[in-house]
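Those sequence lines, one after another, are chains A and B. With the numbering used here, letter number 437 in the first sequence gets 437, and the count goes up by one each step, no holes. With the numbering used here, letter number 235 in the second sequence gets 235, and the count goes up by one each step, no holes.
Hints should not be assumed to be uniformly reliable.
[Said to hold, decoys possible] Counterexamples of contact, computed for chain B against chain A with all Cβ distances above 10 Å:
id	residue
1	D79
2	G86
3	R183
4	N188
5	V306
6	Q315
7	F353
[What the hints assert, rightly or not] In silico EDC-like links for lysine to aspartate or glutamate, alpha-carbon gap of 20 Å or less:
id	chain 1	residue 1	chain 2	residue 2
8	A	K501	B	E230
9	A	K501	B	D138
10	A	K482	B	D203
11	B	K223	B	D203
12	B	K349	B	E239
13	B	K163	B	E239
14	B	K163	B	E287
15	B	K347	B	E230
16	A	K482	B	E169
17	A	K482	B	E56
18	B	K347	B	E287
19	B	K112	A	D66
If you're looking for bench data, these hints aren't it; they were derived computationally from the structure. From the three backbone atoms N, C-alpha and C, an ideal C-beta is built for every residue, glycine too.
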Amino acid sequence: MEEMSAELRPARIGMIPHLRFSTRHVLLILSTAPAFVILFLVGLILWVGLVRDVNSGIFSTGVTLDHYRALWADPLLYRALFNTAQFALIAMAVAFGMGVPLAWLAERSNLPGKGIIYVLMVSGLLLPGVFIAMGWVFLFHPEIGIINMAFKNLLGLDHSLVNIVSVPGMGIIQGLNLVPVVFITLGPSYRAMNPAVEEAARVHGLSLLGTLRRISLPLLLPSLLGAFLYVITIAIAAFDIPAIIGLSNRILTFSTFVYISANPREGLPNYGLVGAISSVMIVFALLSCWMYVSVLKRSYKYAVVTGQGYSSRLVKLRSKTVVGVWLLIGLYFLFTIVMPLLVLVWASVMRWFQPPSLSALKLASLANLHDVDWSMVLAGAKNSAVLMLVVPTLVLVFGGAIAWIVVRSRFQGKVVLDFSAFVPHAVPHIIFAFSILVAALFLLQKILPIYGKLAILIIVYTLAWLAFGTRVLSSSLVQLHKELEEVGRVSGIPGRVILWKILLPLLRPAILSSWLWMALLTFREFTMAAMLATTRGNITLPIVIWSYWSGGQSGRASAVALIGFLILVPMVAAYWIAGRRFAVLGATRA
Amino acid sequence: MIEIRGVSKIFNVGTRQVQPLRNVTLEVREGEFFVLLGPSGSGKSTLLRCVSGLEEPDEGEISLDGRVVFSKSKRIALDPADRGIGMVFQSYAIWPHLSVLDNVTLPLIRGKRRMPRRLAVEKGREVLKLVQMDALMDRPASLLSGGQQQRVAVARALSIEPKVLLMDEPLSNLDARLREEVREEIKNLTRQIGITVLYITHDQIEAMALASRIAVLANGEVKQVSLPREVYKKPASHEVATLLGTMNWLSGRVIRDGLVETPIGEVRIGTQGLGNDDEILLGIRLEHLCVASSAAAGENEFPAEVISQTFLGDQIWYHLRVGPTRMVWKTFHDIDLPKTVYARLPKEKILVFAGR
Ligand SMILES: Nc1ncnc2c1ncn2[C@@H]1O[C@H](COP(=O)(O)OP(=O)(O)O)[C@@H](O)[C@H]1O
Ligand SMILES: [Mg+2]
């Protein structure tokens, strides 16, 4: 009987073979739903750039090219784009200038204490940019910056030594902030390079320089180019440093322009203009996305050539070099982490900020902590906590479904899925935030009122981290031989048991570390929250800081930042412990 | 026991189409150790995966134990789990996060059978004993050597008491020494329990050693199905002959019945019934050449020059120049040859194939 009914079951269409009806459909829904929303949000932006007047009707006011014409005419925007280009280029120069040699030193030289570099780099990656930017303002602001004032007094200068309230100034800070990203992106490629190919060149008579130029560089080029495109996307979309440092002084970049256009001090937001410029950005983003993918493909091809089974020979450094290198690394961390944090502590005990001195110390008080609106801080902390629990979990569910379909199935539409999951990686997050804002205000207000709710942040964060989650899971899935699942299927184990008993346990390191990583990203997220966290119901800790900061209350902002920092420390520690325990740090790419 | 009728498979790779199987028809009888031999890329794995149900053919029908498990025309495609098969994968696919015993019992407990744990453990112990792995039952599977993993994979495949055992190059990940040992174990074990085996390999020695029958697959087509001896002695084509070991080749043209003109001179062959002027290909296995230091004035004897020799321990390969071509003579005796020798091609050992 049993056999009869089995035979009568109709043949499945060869889409996703051999899963029962329900499992297959659950997978399809889980993977296509977020992809659909991503594509919808991108499409909505393109539409908003064309609608005559979104405020009076998103579908009823007709289509026009006026907004695109206005792009040329708007001097503010023109300036902002020029600033963005300058800002991004300077940031890239700084980030690569430091990140490339540092990664090389950490991977290919015998520099002692390399482990510490990793710890410092990952911590630098996790420290919210908002904190650091605030610290830099206290240190290097032309009027109030401690270091600038100290030099003015010492040297009797009539102008400040460093002016960070400028596009180059912000670019340098952004660049320093991006060094860990470059470091962590390039590290694995240095590691994966088989020293034997270099040695072969040396043995066959190429000089050291010739080897570098003809062998090492061409081999590394795909990863370098990939890292370049990846980092420049981040630099162009950067929001926290331009917002903290530039916005109050009317120095705008792309992201801050979008921010003030969507949240103008007076009048109605000019959605059309933002839609138009965002559309232009999206086109560029997709272009770089496409380049990134094709570059990545090439680097995979090389990865096959290099293979494993060698022990990396390390380049010996002279002790003088070691001292010099560590001195530089020490200075870097002093200026990018230690001093900004210390000055935040100082600022938080000062009612009105002033440079440290004995007389100022007498004024130190916990007044800021007292004056902070604690109910708001608690609301922010609670919301941040909920987001940190919910968002990474959702990303792993959706990203896992996409990764499985892309890696394992022959589903026709998987290219589209793969692409959509990659889009949030390339399109500036502020554009996503803007798009969901428009959707919430003009399309969903009746059906799904998410404006001002925590849900809007949950949705947009989940979409934003989807690129990361999918990539981590699919790269671990690729490494898992598919026969491990197939043997289960041949033995008659149902799909859901294969998932729980075989796939999840084997993917646990990747799942755990990426979950923690995304929780940390969620905690420090500032860009999208600045656009969307509008009520007590969905304010997050960084936005509490931001609202004090933009309201001119830097002392209270510093106090809340310190509270945030105290929450962050044990979480980063947990991440490190988990990372060591499960021997995974490869996942640490934002 | 296994019937494969007219099975074809096409993969779409981007815009390109790859056809690893073209109208394959095979029958494996009950209790047989059937070996599919073919070069890599010939479609062996694809065929096995079609039998197991991990892949769906685009054309054809497959039956196992008299039951149709796949049929394009009848729209039948049974789940792998419903086919009553055990499978050993090339990578072994041992679940590294489980113990040896759990690797075997997981399919019993959570698979179709849903055995109670106690019975599953008993069964697991039993099959692990069969492959002499019962002593390492509680080891984490990730700590096993290649050979041990292979045994566990076999035990896992047998634990569900399949009607048919499918094996995809199960020895290719082992080192040469171990390979021979495990090969004999597999042979004895499968004979002992009398299971039908469909076994894949690209190694002709492995195929010869194990098979009760061999099917030679090339370019997704079955080229020959025969007893191992027969495949070796009477390969159906030039292609099959090459697959079964290195050979000396001569192209030629038939002058008259039994006489062929070749680059090294006229060669007499035993094959009858060829038309005059037919283009043909003559092959002779390395060990079938007869080489002597003096001429015996026999049939098909040609002067040759020794170019070099390769010492392989139990055998020696002499590289000869015979006329304008090169030939290799394989011998098991270490002898001193003069520079000039005489090579004889015994008429009855020459294989004749249609030329290109
Ligand atoms: N999933 C697949 N997608 C596309 N092509 C495939 C796939 N599996 C196998 N092929 C192709 O089919 C041919 C036969 O492969 P396979 O059956 O694995 O050969 P074998 O096992 O004999 O080495 C090869 O050309 C291979 O590239
Ligand atoms: Mg194969």
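Hint numbers the structure violates, sorted upward?
-> When the structure is compared with the hints, numbers 1, 2, 8, 10, 13, 14, 19 turn out to be violated.
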